[in-house]
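Undergrad: Chains as they are written, first to last, in the UniProt record's numbering: chain A, 1 to 311; chain B, 1 to 557.
It is worth saying that the hints were derived from the structure and are not from the lab.
Hints may contain errors.
Calculated pairs, DSS-like style, for lysine-lysine (alpha carbon to alpha carbon, straight line, at most 27 Å) [stated by the list, open to error]:
#	chain 1	residue 1	chain 2	residue 2
1	A	LYS57	B	LYS231
2	B	LYS394	A	LYS153
3	B	LYS69	B	LYS80
4	B	LYS254	B	LYS377
5	A	LYS153	B	LYS98
6	B	LYS510	B	LYS311
7	B	LYS395	A	LYS153
8	B	LYS165	A	LYS153
9	A	LYS57	B	LYS260
10	B	LYS303	B	LYS531
11	A	LYS57	B	LYS254
12	B	LYS369	B	LYS491
13	B	LYS303	B	LYS292
14	B	LYS59	B	LYS188
15	B	LYS419	B	LYS434
16	B	LYS316	B	LYS254
17	B	LYS69	B	LYS59
18	B	LYS394	B	LYS165
19	A	LYS153	B	LYS116
20	B	LYS515	B	LYS311
21	B	LYS531	B	LYS292
Covered stretches of chain A, as calculated for chain B (at least 3 residues, CB under 8 Å) [to be verified]:
#	segment
22	40–54
23	58–65
24	235–241
Note that beta-carbon positions come from the ideal geometry of N, C-alpha and C, so glycine has one too.
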Amino acid sequence: MSADTAIRPRRTSLRPAWEEKPTLIGQFGKGTILTLVVAAVLIPLWTVLVTSLSSEKTINEAGGYVFIPREFNPSAYVVIFSGGQVTDAILVSTFVTVVGTALSLVVTVLAAYGLSRPGTLWHRSILFYFLLTFLIYPGMIPSYLVVTGLGLKDNLLALILPTAISAFNLVVLRAFFMSIPGELYDSARIDGAGELRILWRIVLPLSKAVTAVVGLFYAVGYWNAFFNAILYIDRNDLQPVQRVLQQFILAGQSPTSSGTAVAIPGLGSTMPPSLAIKMAVVVVTIVPALIIYPFIQRHFTKGVIIGAVKG
Amino acid sequence: MANTLPGASTNRRNFLGLVGLGAASLAGGGMLSGCSKEPGTSGSATNAEQAAGLVPTFKDSTLVQPDVKGVRPMADGYLKYPTSLADAVSEKAITSGKPVTASTPWWGPAPPTANKLVEAVSADMGGTIQFSIQDGNTYGDKLNTMLGARDVPELTCIPGWEVDKLARFSEGVHAIFEDLTPHLAGDKVSAYPLLAGLDSVAWQESVWGGKLMGVPFPVDAPFPSVLFYRKDVADERGIAAPTTLAELHEFGKKFTNADKGEWAFGDIWLEVQQICGAGGSENGWLKTADGKVVHRMELPEYKQAVEFMAKLYAEKLVHPDIASSKGGDVTTLFKGGKVFMYATGGGSWKETWRPAVQTNPTFNMQAVKVFGAEQGKAPVRWKARSAIIWTFIKKGLGQERTQELLRVLNYTAAPFGTKEWELQNYGAEGTHFKRDANGTPVTNDLWVKEFANQYIFLGGRPPVVVGGPDIPTYANDFVTWGNDATQYLEKNPWEGIKVETPSSQAALAKPTEDKITDVLRGRTPVSEFDKIVSDWRAAGGDAARDFYAKVLADNGR
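The shape of chain A in the complex, shown without the other chains (with noise of 0.2 Å):
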């Protein structure tokens, strides 16, 4: 090898190499992989939808879930929905989301922008206190005795007020509100403005992405929270949706965790949902979910790409 070829670009191009035409290779590469990506992404979501569009029968005769479509048989959502335990668990659960996203949002942005101004009264201590939580949790027991000790079995409050601080996203929201340069503040100050009106016309409009992510943590926490509602709700029309999916799901499990299929005779549901009801059930509960996230997606990933490289 000569001298002259060994410091020869191997690309004659200016371009940097993601903007070069791909190979066909690179192309046929890119797209089978990308193929797959995808179908191990919709395989899972086209079967359930199928298996919960089929008949007992076809099930059967597939020995479980159905991948190709011999027919259309609503008759699934009509039974979930009929039973009105679905309905009124997606009533429970858009309220609990609803409702604890906006309280938890405005209790962390007022503790956060607190926390995040030099001087506020015991601020460090309050933030060691908050912090706290993230090494002890309470326990379940002692956290079960304050929830029924306030009277909040059977009360939706009961699945909000528990979760509605998280020590992280407010240590994120702080870290945000920090990194706003404090000139900002000065001179709303020398406007005449206060702290809430600093904080709702400047610091929240330039917190939008980042509020907007914390919100989407809150909202899917609430949206798929169930153990809460397992410990403290005992009243079946105020389930949220995840349970009675669980519910759904494993009904006709064995009730002991391992598996073991010894059946006793005189336990259980006579009549098990079929396993239709059960797919129908899951793509009612993942619809709100596929419904909502493309139109937060923008702000999601902007959101934590600002969290990322915040210095």
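Please arrange chain B on chain A, whose structure you already have, making use of the hints.
TA: Same frame as chain A, but now just chain B:
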């Protein structure tokens, strides 16, 4: 102890039930897994003689003669629904007018709070029971919290397998729940005649620390597993049910055709152990003829079962979904003709058969007549405990309220053939069911929505096997099979003693099971089996043996 077993199949649809102390403990082969007892729990055992003295005097409460008499402990079978129903409880159970609070488990979508079935029973009972129906799969978490906070309803229904997982339950039960000895022991139970009709062994298992603490839910059949096969397909193909281990293997080869998506077997590990004659009804422990306490894993019969099962997996005669670590939906595979034989609890027989005939009228699910490894060699049938669920009464409610609650439990213990049984099982005529030409209740959609075995779980009931017009031979099939299998039931020397295994030994269970599962499924060579057993013995198996032997010695057995 709730147990897992190597190779146990997951049963997603037929549900139900499972397990229990009895069933699970047996099934688990002494592998006491999944227990969350606190470290240091040293194990305990009640005194059998003491417990026996507390048992309520049995008085048969059955009012209708069965069509197929069960050989005890197999329940009786009824082929037809009785034409006239008896009124078992003439007086109102609730007289104070104060609603009763109760917590019961359920494995399915919870019924609505406003519930006509509950209203109908309440009207007959004289007062309301406010049910908190808990998801059976997460009930343990809830119980842990409720009992820890001592926040329990007046009636708390706790499955046996949850009892086993609750830390220090044998101590806590006395702090939280009422001692029922003064109300029910011996002849005192005569004030509650329907409770007197519950099985005596189940009552004996309801004693903690020398006190009668709960009302038991007796199991229908004492067998933790049954071997089922598709008789309709076998007849069509001219293949007989197996009667030896070799024939079982042949059956597997004849039915497996991977190209057509057909495999002979789901999980049959529980059955193979019993076919080979590996006993051990008490968490896997047994006493040999020469008086030694051994675990079933130490028996040559168990090793034979391991080798046989490993052969079935190696020859790919088990459905691949079942062979995968998570297991598959064997019931759906069975109904769809992808699997032709599997082992599960007897409770799933009806639950699987009944919906299957709706889409396939020729579907015929039958239990394989019990057989031994070779002609002339008897099998062993493990014996499940009798009580699988208990209902406890909250402590400190006062004598009058406690008696009122016992009257409620007496009502819910009404036997088959009574108006009370029908009301609790089928709801109100015209609202939840109508009768067919033979008088058999045919339930409607409202019943499906509102029924959650609420009352049945509360008060036990003398178990019965009842089919229906869609599966007319079921009751006869089950009781006949059970009567035959009963002759092989193993005698459990620990019967009547409530044994709580030390937690350190219980913790050995899961890892050992996992190792055996690896052997069965070919991930570990069968030659490693002896080492797995010797490791288990060294790590605590021998200590467990001493513990179980001491329990027997303390009871003079």
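Undergrad: Hints first: check each against the structure and report whether it holds.
TA: To see whether the hints hold, each was checked on the structure:
1. A:LYS57 x B:LYS231: 19 Å, holds
2. B:LYS394 x A:LYS153: 19 Å, holds
3. B:LYS69 x B:LYS80: 14 Å, holds
4. B:LYS254 x B:LYS377: Given that 27 Å is the threshold and the Cα spacing comes to 24 Å, the pair holds.
5. A:LYS153 x B:LYS98: 20 Å, holds
6. B:LYS510 x B:LYS311: 23 Å, holds
7. B:LYS395 x A:LYS153: 21 Å, holds
8. B:LYS165 x A:LYS153: Since the Cα atoms of LYS165 of chain B and LYS153 of chain A sit roughly 25 Å apart, the hinted pair holds (cutoff 27 Å).
9. A:LYS57 x B:LYS260: 18 Å, holds
10. B:LYS303 x B:LYS531: Satisfied, since the Cα-Cα distance of roughly 12 Å is no more than 27 Å.
11. A:LYS57 x B:LYS254: Distance ~26 Å between LYS57 of chain A and LYS254 of chain B Cα, so the pair holds.
12. B:LYS369 x B:LYS491: Roughly 20 Å between the alpha carbons, so the hint for LYS369 of chain B and LYS491 of chain B holds.
13. B:LYS303 x B:LYS292: 19 Å, holds
14. B:LYS59 x B:LYS188: Distance of about 12 Å is within 27 Å: holds.
15. B:LYS419 x B:LYS434: 15 Å, holds
16. B:LYS316 x B:LYS254: With Cα atoms ~12 Å apart, LYS316 of chain B and LYS254 of chain B stay inside 27 Å; holds.
17. B:LYS69 x B:LYS59: 17 Å, holds
18. B:LYS394 x B:LYS165: Holds - the C-alpha atoms of LYS165 of chain B and LYS394 of chain B are around 20 Å apart, at most 27 Å.
19. A:LYS153 x B:LYS116: 24 Å, holds
20. B:LYS515 x B:LYS311: 17 Å, holds
21. B:LYS531 x B:LYS292: Holds, at about 21 Å.
22. 40–54: violated (count 0)
23. 58–65: Coverage by chain B holds for the segment 58–65 of chain A (6 residues, Cβ < 8 Å).
24. 235–241: Held - the segment 235–241 of chain A has 4 residues with a Cβ nearer than 8 Å to chain B, which meets the minimum of three.
Comparing the model with each numbered hint stated earlier shows that hint 22 is the single one that does not hold.
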